[in-house]
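Visitor: The primary structure of each chain is shown beneath.
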Amino acid sequence: MTWLNSHPLTFLVFAPTLLGLLLLALPQALGKLTRLLGFLGALAIFVLSLAWLLGRAPGAPLAEHAPWFTLVGLPVDYSLAVDGLNFWLVILTTFLVPLTMLGTWNSLKDRMGTFAAMFLLLETGMLGALVAQDLFLFYLFWEGMLIPMYFMIGVWGGDERRYAANKFFLYTLSGSLLWLVALLFLAGKAGSFAPAIMAQAASGLPFGVQCWLFVAFAVAFAIKVPLFPLHTWLPDAHVQAPTAGSVILAGVLLKLGGYGFIRFAIPMFPQAAMHFAKPLALLSVIAIIYGALVAMVQRDMKKLVAYSSVSHMGFVMLGLASFTVIGTQGAMLQMLNHGISTGALFLLVGMIYDRAHTRMIADFGGVATKMPIFTTFFIIVTLSSIGLPLTNGFVGEFQILNGTFLSGFAWGRAYAVIATLGVVLGAVYMLWMVKRVFWGPVNPDEDSGTQHLHSDLNAREIAVMLPLVVLILWMGIHPGTFQAISEAPVATLLKDANAPAIRPLVLPSAPLLGPVEAAAAGHAPASAEVHP
Amino acid sequence: MTGMDAILHGGLQGYLVVALLLFAIGLASVLLRRTLLLQFMGVELMLNAANVALLAFARSRGGDLQGTVFYLFIIAVAACEAAVGLALIIGLYRHRDTTDSDRAASLKQ
Amino acid sequence: MNTYAWLIPILPLVGAAFNGILGKRAGKRAVTVVALGTVLASLLLSIAVFFAMKALPDHRLTLDLGTWMATGSMSVPFGLVVDPLSGIFMLVITGIGFLIHVYSVGYMHEEEGYARFFSYMNLFVFFMLTLVLGSSLPLMFVGWEGVGLCSYLLIGYYYETDFAPDAGLKAFLTNRVGDLGVAIGMMVLFAAFGTLTVGDILVKAGHLGPEAGFGILTFATLMLFVGATGKSAQLPLYLWLPDAMAGPTPVSALIHAATMVTSGIYMICRLAPVFTLAPITMDVVAWVGAATALFAATIGLVQRDIKKVLAYSTVSQLGYMFLGLGASGFAAGFFHVFTHAWFKALLFLGAGSVIHAMHHEQDLFKMGGLRSKMPLTFWTMLAATLAIIGFPGTSGFASKDEILALAYAKSPVLWGIGVIAACCTAFYMLRLFTLAFLGEPRDHHAFEHAHESPRTMTWPLVVLAVGSLLAVFLGWPKAFGGDFRIEAWLAPAITYGQVHLAHGEPGGAEPALLLATISTVLGLGFAWFGYATYRNGLAVAEARAAKFPFLHKLLLNKYYVDEGVELVILGPIRWFGNLLWKLFDVIIIDGLGVNLPGALTRVFGDFTALFQTGRVRNYALSMTLGGAVLLYVFLK
Amino acid sequence: MFLAFALITLLGALGMLLQKNIIVAGLCMVASFFGVAGLFVLLANPVAAALQIIVYTGAILVLVLFVIMMLNSHEEEPAETSRPIQRWVSVILSLALAVGAVKLVLASKGLQQLAEKGAAVPPAVTLQGVGAVLFADHLLGFEVAGLMLLAAMVGAVALTKRNL
Amino acid sequence: MTITPTQWAAILPLLFPALGACLIPLMSLDRDQATAKWIRGAMYLTALLAVAAGFWYLTDLWKTGAQPSFHQLHMDRLAQFSGIFILVAAAMTILQGWDHFHQEGWVKGETLSLLLFSVTGMMLFTATSNFVTLFLGLELFSLPLYALVATVRPRPETAEGGMKYFLTGAVASSCFLMGGVLLYGFSGTFDLKAAATVLQAQGLGADPLVLAGAALLLFGFLFKVSAAPFHQWTPDAYEASPHPVAGFMSVATKGVAFIALLRIFPGSLSGVRGLEAHVQSALAILAVLTLVVGNLTALVQTNVKRMLAYSSISHAGYLLLAFVAGTPAAFSGLLFYLVIYLAMNMGAFGLLTAFGLQGSHTTFEDLRGLGWKRPAMGFCAAVFMLSLAGIPPLGGFYGKYMIFKELVGTGHVGLAILGVLASLVSVYYYLHVLVALFLQAPSAEAERLASDRPAVHAPLAGATVLVAAAIVLAGGFTQAFLVQGFAQRALQEGLGLFR
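Protein chains in written order, with the working numbering: chain Y, 1381 to 1912; chain B, 11 to 119; chain D, 8 to 643; chain G, 170 to 333; chain R, 151 to 649.
Quick caveat, the hints were computed from the structure, so don't treat them as lab data. Misleading hints may appear alongside valid ones.
Unchecked claim - Listed below are the simulated DSSO-like cross-link pairs for lysine-lysine, each with C-alpha atoms no more than 27 angstroms apart in a straight line:
no.: 1; chain 1: D; residue 1: Lys589; chain 2: Y; residue 2: Lys1815
no.: 2; chain 1: G; residue 1: Lys278; chain 2: D; residue 2: Lys643
no.: 3; chain 1: D; residue 1: Lys589; chain 2: D; residue 2: Lys315
no.: 4; chain 1: G; residue 1: Lys278; chain 2: R; residue 2: Lys187
no.: 5; chain 1: D; residue 1: Lys31; chain 2: Y; residue 2: Lys1815
no.: 6; chain 1: R; residue 1: Lys523; chain 2: Y; residue 2: Lys1412
no.: 7; chain 1: Y; residue 1: Lys1875; chain 2: Y; residue 2: Lys1658
no.: 8; chain 1: Y; residue 1: Lys1815; chain 2: D; residue 2: Lys554
no.: 9; chain 1: D; residue 1: Lys315; chain 2: Y; residue 2: Lys1815
no.: 10; chain 1: D; residue 1: Lys315; chain 2: D; residue 2: Lys373
no.: 11; chain 1: D; residue 1: Lys554; chain 2: D; residue 2: Lys373
no.: 12; chain 1: D; residue 1: Lys643; chain 2: D; residue 2: Lys565
no.: 13; chain 1: G; residue 1: Lys286; chain 2: R; residue 2: Lys523
no.: 14; chain 1: D; residue 1: Lys61; chain 2: D; residue 2: Lys485
no.: 15; chain 1: D; residue 1: Lys565; chain 2: D; residue 2: Lys554
no.: 16; chain 1: Y; residue 1: Lys1815; chain 2: Y; residue 2: Lys1569
no.: 17; chain 1: R; residue 1: Lys523; chain 2: D; residue 2: Lys643
no.: 18; chain 1: D; residue 1: Lys643; chain 2: G; residue 2: Lys272
no.: 19; chain 1: G; residue 1: Lys286; chain 2: G; residue 2: Lys272
no.: 20; chain 1: Y; residue 1: Lys1489; chain 2: R; residue 2: Lys523
no.: 21; chain 1: D; residue 1: Lys315; chain 2: D; residue 2: Lys61
no.: 22; chain 1: Y; residue 1: Lys1412; chain 2: Y; residue 2: Lys1489
no.: 23; chain 1: D; residue 1: Lys373; chain 2: D; residue 2: Lys643
no.: 24; chain 1: D; residue 1: Lys31; chain 2: D; residue 2: Lys315
no.: 25; chain 1: D; residue 1: Lys373; chain 2: D; residue 2: Lys565
no.: 26; chain 1: G; residue 1: Lys330; chain 2: R; residue 2: Lys523
Unchecked claim - Just a few of them, taken from the derived set where beta-carbon distance is under 10 angstroms, the chain R residues facing chain Y:
no.: 27; residue: Phe486
no.: 28; residue: Trp522
no.: 29; residue: Glu556
no.: 30; residue: Val563
no.: 31; residue: Val575
no.: 32; residue: Ser593
no.: 33; residue: Ala624
no.: 34; residue: Gly626
no.: 35; residue: Val633
C-beta: ideal position from N, C-alpha, C; glycine also.
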């Protein structure tokens, strides 16, 4: 017990592995039992993570540090920590895993135990990558995530699963291998894998080298995000993956890309990051619009949601590229939002797929008549996804857009205005899909998906969706719960990075507006940004 | 003695030239002949070339006996190679009824 | 009392939640009680709060309920502001809302989705109240988008039909385009003023000189106006409103006539000091308003669907309001909102009553002679018709006249357009009225079964009719010697924080009176013309239409705008999306960027595999080549 | 004398390389080995010369010729397809190697020094001397050579023994 | 002529397997042994015992830290390290072969005997810097392998594979010999360390014939590690040979050749100034070629064994990169890599045995769905393939990690990028195995294999595969221990690096 108290993060990260290995060791004949065991274990881990993370004394950091090994003259530390930047992402992960297990309870017919084990191994990878404070450790977890995900897509996926799984694996690996070279280069210069020391070493390098290093980091993370034009693995992976895989892919895996930027790429190479802010933002804006336009013409619901992910994650990247507290905070929240909303969407699509065995939009029509509860949930999640105020989607997007508009870069305003178009397009593709699937008369075709819908959501499925809906509203109405903790770290980070000050619009003549009033008007808690 | 003279008059250089030419001819027969037995003989030639060079060097080092000892070992190696090599050729002949190495090319890609 | 003001929006929300989640199980009676009860409670509370506000010295009641979003320099509170402007709106929303709720009890009583309907309606009231009471722009935006959502849900209420979901989608998406403008406007205002709280913005704007308006503020206000055109169905974003009639009639009355569609006007009034700083925007507002008023009115002339006529009429009247606003007549525009709320709600409810009586027959050409069958509806509709055509002494007369007077001051052309639109309005309203209630019944079967509506439906009509007629006393036009009391009422709200706000000054009394007389007489003339054309059936009208086949067809097909939008905007966007997907995503990025290198690698692999010939001589040769390379490198 | 033996050696080898008939090629090989033995005599190494004739010519080549007879293929089989690239590249490489070898020998200063230093003819190698060195310095090598012969025998048996 | 105890200590580890090699053929003289299972058992046990004794003796030696020698044989730390390496590989091979040779129709003891001879030769090869011994060691381990490749005589292609291996190998060893003779000629000594000193002292380091000799010496090593373009025998020989023998060749041959290369070039010959640069630039070129050819050709293979052969070629490329970096850390990375490589490649070939694939039934098609039929073996397969691909946190990653780190550190960023791109390509064909095992429906062959045999088809092979997987997995967590405790000590105390 004392060990647990002193190593809560180790436990949190590796408990899923232990559980997963246990499930792998259990005989296959126990199929359903292993599934239950996996779920209960994941639930327990979630509860523990809540207890440890929320229950700690305010301000007390949750960290573990121990030297691990030294190879080729480079010390690698076993260094884990939870701080403002990853706090909620950790909880999101532990939350989504049991929820997804419950949500896809009956989706799989065979090898349920193995699947649950893969899921838990993936959880270890994700949690480890989130809490790792040493880049080598981070890299281990980062790559380690690929393996279970590969099997989840490849074994339990759709018809094109082999292609999708290989593509996912190779695509993401290609970025991270090149990143590894950059990592080794910098670690060699710094003599350490600690981000702070590496950052210091990086700052001593010529600017051109810094830029190359940043690009290597950025490409690895951007593939995960995924940022246009490195996104094409995502639609295949999402469509082919089983529901649980899609949920966790959208819910957590993509977040790690954005998290990588804010945790490593930006603080380590602030100058280069600033240098590349414009191209990053441009790609983000393209991703927002492009993802939305392509989503609009999709025929498969899952693919549509997948492309919507591209669009939504574009917002995250735009917020990060703005280098303002508002934008970055918005991006952090948007990551959580996307995890909840898109995760929920994939769950819902999975639920209807389990019943109708099709995901093609044209196969449906009039689903609302058959499944009113399902429809209600779908609409709520849709609204969250399109950023309706009072749902979570709005807060994130609003802050990102405002942060971008205010950013110290000349392009900020134009990009913010263009990116706003994405909000409109988001409504177009989502609601158009809703219209074609849910509204209208019941699809009269005998073989249509709607005709195969015989039951509305059962209690289990409602129990899965309710927490998500509650979160959607909670995050929309009181985002402070989720943003307060990252406010100070983000502000510090941007200050350390020497981010350019925000650029308010200057009105031509403001004779009566004195500086004192101005300071009073824009109150800025713990922030480098003060409106004049 | 200049280089060319030394070669023609049986100096060390001459032996080395003979050795290296013998080596080249041996290699050429591995590359150019298709009959496995002749290719094998090419290998024997290459070994012999080494022998010539070895003993020539040994001589110019004042009749170093180490060289002769190594020569003994090389002969043993050549004998062993002959045993194994010929056994392999016979084994191949039993299956394929040929000693043409180009015809024994089912393992490829 | 004031600290409970937050209950005003929350009560309907509670009702919505109850009806949405439990309504189906609780039964119709409980649903009715909850839905009506919450709105009624809200109404009573509103009245109390309104008078409490009036009693305050600065007519301004603010309430801070905690933080919504706070990060960096952005801080958005949950706060309410009740001042004369939002106060009157609040009363209209809860008051007319309550009446329409009552009406709906009768109108919807056979519907299966009764609870769903009332849940949406309550939710709408909540969002509408949030819109008007919210103390900051994002909070206003909550309501702004929220009412759009409710509108979407209510238009698509008959979701199992084909057209209703389409109409709902159209409404939501068109509104979204407008919301884009509001979002951008908010960003600009935030960047310029450093705050999103309306009060603070107004205070800061008040310190700006008139020269501040060019550039930034013009852009911001124009963007906000784009939002207003979306929500208030102005050119070019009016398209959704006529289709929105697919929803149940009470919805049309509440949302698409009385409240939601006027939120654009509310926003401009709310931000009047900022708009005033941007004269270019004001011109745009005025001209767009005028153009919409005329454009929609002409379409209204030939429509056969009773609700469509009213819908285009609404668009046209909204145009009027913007015309007023654009002419700096914030009070005038707002007053028209107020009066319009009464009579347009009444018109819709009356139409609903007719439709109800005719078993969901909406075609005017199949009605006729209903006067005898439904007298109460007839008389209340008459009151509303008189009000909308500006019959002297009615509320419509007062508000319309004030707008026209201000328009003349801005530009005589605007006045001219306004008058023509007013004449068209008079014509099609009388056409509607005549076709529905007078003359001979054209569909005898339906006529036989027609009957007066139940009491829950008729007494709201009566209340509204009284309102339509009496609302005039709030602002008897100055042209006719009145004091236009509402202007003074609203002044604390509209000039809030202002140091030097330029007021729109109507011209002197003499031309005003003359112009007012001209417009009134012309309107009445066209009203007679409408009556005369249709009193004996359709023959006269058809003969006349045949003389202008092209024009008639153009109007009948609403200038082919829907088709044009499909052709010019939606089609290309879909085409472009497909292009991006099939060409860019699949072929260029995935094909050339991802699969091609993969395939090339395989091809190279096939190539290198060619060297593995299986012939031992080749192997020896490549080894020899390798040896040669080694020798070369070593001896180099 | 040197030239004669050298020519016998090289021409015998060339004959092996170019001769169509396998048996003739084998006999050329014998000639070449005799030439090598002659060279060894010139190198004052009668022990090596004797071994060359006894072991190489007497044992190994006879074994090879025996196998040639056994396998019953006296002529080189006709080529399945002509492979000019293989042939020409091989020829060029071999020639380059030969020419390069001569050039290397000529270019090597160290070789020249060595040749001058060791020009004096040393006393002939005796079997006694060889034996002494073999068992003193190269005991390990001797043992290993023994193992190797055993291994080769086992290998040959494993590969060719008729009944498994 | 007495042999002192320290001399015994130096040769005993070699004597055990040699003794075993001599004994076993005697056991198989009995004609009726095909029916007598116990004779087979006795032969295998003898072989295992010989290996175990050598292993036990070597580990004991390692613990004491003694580095005895016998004439030209120096049983120093590096030799002990490689001896342990070879013996472990041999033990795994014997265990995997137990059932497999039997199924392939070959039960006689010659196979085992040859294997043990080869083991002896390998240990000798890595334990000396004297050219005579080196050459004899090379031949002693090569000749039995030529024969071993062709032992499964009923299969027609085995003799072909053996012949190819033999002929190319003979050419390579002739070149090796010529190189050694040239170095001897100029230095007057067969001891390469002394030769280097002499050459440097007499200023002959840059003599063209000396350099040519060094190049020819390198030729021999590169052939044994199967670096391109000396690699072409590899896939053919592996395909021809029984699975355990292929595994043994891929691991042990490559391993000893790399260790001997390490001992001779950066070790013994380091005294010749300027040679290092030549070696590095030559190896850089060949490493690139090896990586490209190995990986690309592996990509298009349909036969798992051939794929593994090309993969072993590409691994030679990574290992060669360690020489390009040329730092002690890179060499310790190399040794660590070899340890993991031993486990994962023996395991990978052992899988084929454990899955019961015989003869030429080793295509990807034959593997279909077997992963689910034999979950434990499937799990091992995943471990091996992902480790071969260098996916963290498996052991294979750390080997590459150390080599790449040193490459980048010594300024060869381009080579490092090429290396990672190559491993990206390699991921594809390693995944191909997993695709076949897990992602495809079982083939008829898989169903048959699963139905008519016990759960793990060849128990001993299965066990070795499991052990190998355990080593690979553990390698991912004990990497620092392995590197510092073994690889670095071997280099430091055996070769004198890290000074």
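Visitor: The structure should be examined with respect to each hint, and the outcome stated for every one.
Guide: Now for the hints, and whether the structure bears them out:
no. : hint                     : in the structure
1   : Lys589(D) to Lys1815(Y)  : 24 angstroms, holds
2   : Lys278(G) to Lys643(D)   : 17 angstroms, holds
3   : Lys589(D) to Lys315(D)   : 41 angstroms, violated
4   : Lys278(G) to Lys187(R)   : 65 angstroms, violated
5   : Lys31(D) to Lys1815(Y)   : 23 angstroms, holds
6   : Lys523(R) to Lys1412(Y)  : 19 angstroms, holds
7   : Lys1875(Y) to Lys1658(Y) : 19 angstroms, holds
8   : Lys1815(Y) to Lys554(D)  : 42 angstroms, violated
9   : Lys315(D) to Lys1815(Y)  : 23 angstroms, holds
10  : Lys315(D) to Lys373(D)   : 15 angstroms, holds
11  : Lys554(D) to Lys373(D)   : 23 angstroms, holds
12  : Lys643(D) to Lys565(D)   : 87 angstroms, violated
13  : Lys286(G) to Lys523(R)   : 74 angstroms, violated
14  : Lys61(D) to Lys485(D)    : 24 angstroms, holds
15  : Lys565(D) to Lys554(D)   : 19 angstroms, holds
16  : Lys1815(Y) to Lys1569(Y) : 57 angstroms, violated
17  : Lys523(R) to Lys643(D)   : 57 angstroms, violated
18  : Lys643(D) to Lys272(G)   : 14 angstroms, holds
19  : Lys286(G) to Lys272(G)   : 21 angstroms, holds
20  : Lys1489(Y) to Lys523(R)  : 17 angstroms, holds
21  : Lys315(D) to Lys61(D)    : 39 angstroms, violated
22  : Lys1412(Y) to Lys1489(Y) : 10 angstroms, holds
23  : Lys373(D) to Lys643(D)   : 104 angstroms, violated
24  : Lys31(D) to Lys315(D)    : 32 angstroms, violated
25  : Lys373(D) to Lys565(D)   : 21 angstroms, holds
26  : Lys330(G) to Lys523(R)   : 40 angstroms, violated
27  : Phe486                   : 9 angstroms, holds
28  : Trp522                   : 8 angstroms, holds
29  : Glu556                   : 6 angstroms, holds
30  : Val563                   : 7 angstroms, holds
31  : Val575                   : 9 angstroms, holds
32  : Ser593                   : 15 angstroms, violated
33  : Ala624                   : 13 angstroms, violated
34  : Gly626                   : 9 angstroms, holds
35  : Val633                   : 6 angstroms, holds
When the structure is compared with the earlier hints, violations turn up for hints 3, 4, 8, 12, 13, 16, 17, 21, 23, 24, 26, 32 and 33 and for no others.
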